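Order-wise, the sequence lines are chains Y and G. Mapping the first sequence onto this note's numbering, position 90 (from 1) lands on 90, and the numbers just tick up by one. Mapping the second sequence onto this note's numbering, position 57 (from 1) lands on 57, and the numbers just tick up by one.
This list has only true hints and no planted wrong ones.
Identical copies carry no separate label here, and so any pair may be met within one copy or between two of them.
Derived pair list, reagent style DSS-like, types lysine-lysine, alpha-carbon separation capped at 25 Å:
| # | residue 1 | residue 2 |
| --- | --- | --- |
| 1 | 180 | 107 |
| 2 | 158 | 199 |
| 3 | 54 | 29 |
| 4 | 7 | 19 |
| 5 | 199 | 180 |
| 6 | 101 | 180 |
| 7 | 182 | 8 |
| 8 | 19 | 29 |
| 9 | 182 | 204 |
| 10 | 158 | 204 |
| 11 | 204 | 219 |
| 12 | 219 | 7 |
| 13 | 224 | 204 |
Worth flagging that the hints you see were computed from the coordinates, not collected in a lab. Nothing here was measured: the structure is a model prediction, and the numbers come from that model.
Number of protein chains: 2
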Amino acid sequence: MVILDGKKTSEDIKNEIAKAVKNRKNEGKKTPHLAAVLVGSDGASMTYVNSKVKACEKVGFNSTLIELPENTTEDQLLDEIKDLNKDKNIDGFIIQLPLPKQINEQKVLMAVDPNKDVDGFHPVNVGKMALDLSTFLPATPYGILELLERYDIETSGKNVVVIGRSHIVGRPMSILMSQKRKVGNATVTLAHSRTSNLKEITAKADIIVAALGIPEFLKGDMVKDGVVVVDVGITRVKDDTKKRGYRLAGDVDFNSVSPKSAYITPVPGGVGPMTIAMLLKNTLLACERNES
Amino acid sequence: MVILDGKKTSEDIKNEIAKAVKNRKNEGKKTPHLAAVLVGSDGASMTYVNSKVKACEKVGFNSTLIELPENTTEDQLLDEIKDLNKDKNIDGFIIQLPLPKQINEQKVLMAVDPNKDVDGFHPVNVGKMALDLSTFLPATPYGILELLERYDIETSGKNVVVIGRSHIVGRPMSILMSQKRKVGNATVTLAHSRTSNLKEITAKADIIVAALGIPEFLKGDMVKDGVVVVDVGITRVKDDTKKRGYRLAGDVDFNSVSPKSAYITPVPGGVGPMTIAMLLKNTLLACERNES
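All chains, full assembly: derive it from the sequences and hints.
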């Protein structure tokens with residue numbers, strides 16, 4: 001069993017990006033600049049946003065964190081987005097999800113300039129992704145592709161099962177893995193809450209991407225020997241033995257699944273850090289595109 | 001075995017549209033107007049475009065057929081599209097594919113105003129489709145959903161296998177069937193040329209959508225009893241016994257598959273007429289949207 005070390009791999013990628021940024025600076029080119037908008041003070045969201053900002057610093061990007069109060073109105077947020085769209089200094093920006101209930105998430109995502117949409121959530125970028133055109137790939141699926149690629153895991157002709165049909169992970173993952181790309185050409189089955197015979201389906205999978213958001217859902221008796229397992233889940237599970245009162249659990253029951261796996265991502269330290277690395281990669285790409 | 005009669009069902013839909021158009025006229029509202037652009041004189045393309053124009057007449061739409069010579073340049077076609085985008089009288093228009101080699105298909109499709117893109121091929125409409133937002137669904141997958149719905153075929157929790165990953169049929173079909181929609185919630189596997197164990201996969205399918213473009217590819221020994229089969233293929237196969245020198249063949253070997261099927265579409269008279277009906281439905285929708 002080999003651990004798909006997202007932490008190490010993401011460090012490699014960040015080092016590559018840092019080098020590219022250094023070269024840019026030496027050539028007198030613009031420093032990539034990512035902005036992040038956080039509305040409210042949800043604990044997990046704050047953690048995520050802060051990791052993203054820290055990662056920017058690490059690779060030499062400029063970053064701006066815009067913190068808005070929980071009671072921000074939709075119009076106020078849309079005004080903020082308009083400013084970011086116009087600001088030539090900002091190459092890309094993200095709106096940390098979820099948003100407070102008074103704000104229509106879809107409306108907000110559609111207001112982001114697709115050329116600055118480094119999360120790849122705007123419909124035109126989702127469409128380009130589905131059509132295999134150049135775009136910003138959503139960071140989590142992009143990170144998974146990169147992780148599989150760097151570990152030389154063959155995907156062509158393999159049976160891939162993606163569990164969970166979310167717009168930001170499961171759906172794009174299922175699309176990307178079945179496209180004619182280096183990490184792709186797989187026969188992909190997208191399973192979800194309405195799937196009736198999940199165990200039968202996962203038991204035949206060569207590669208499983210678990211992205212349903214239910215802690216430790218995938219058990220050892222649901223997979224075959226030699227499976228490759230990518231765990232996208234990261235849920236805070238109450239745990240009084242921990243100082244902070246919770247532990248982080250993936251969608252995969254690591255203890256029972258890992259002995260049967262050829263490769264498996266840990267939680268934390270698997271998909272999470274890869275997601276951040278790919279967000280940086282998209283921001284660098286946005287910066288490069290803006291000058292061409 | 002029940003024939004999924006696309007010809008009859010499409011007539012029903014066209015009658016419904018004709019009624020809606022009549023009501024619109026009585027209320028003094030605009031008559032829906034579809035334009036079709038045909039570049040060159042490919043036999044099959046001419047047949048398709050003419051069927052679409054005829055269908056417009058049948059339901060009381062206005063229609064415009066724009067025929068451009070085979071040697072039309074990309075810029076000339078883009079100019080034509082600009083005019084159609086601006087023309088307030090035109091509610092929707094389509095560019096008949098394939099285009100001659102000197103023209104970049106993707107560039108052309110991206111030039112179409114998404115609000116007039118009744119084929120649903122523009123990336124922003126593809127993205128909206130993938131995100132389950134209101135849009136123009138591509139006509140062939142839309143027609144299949146409608147056919148399954150009108151025959152009350154249960155899809156929720158069923159194993160659906162889509163064969164073929166084209167942008168206009170296989171890919172959107174695989175996405176739509178797995179979404180939380182009335183005809184949807186299926187566990188979808190998208191198979192394609194790189195799929196290594198196709199027979200094993202199709203043999204477990206409750207519903208198969210064959211859209212790979214290889215005549216009579218799907219044989220009886222590849223399906224289970226009681227399967228629902230949708231045949232999207234329509235290829236001209238040389239046949240000297242026919243007056244016109246060819247016959248139309250689907251991707252399904254009807255003779256061996258139909259005895260095992262609970263439901264099956266014929267070719268012709270299955271998916272083809274449904275596609276045209278849904279193009280009309282999208283045009284009506286475009287017209288309604290323009291006035292609201």
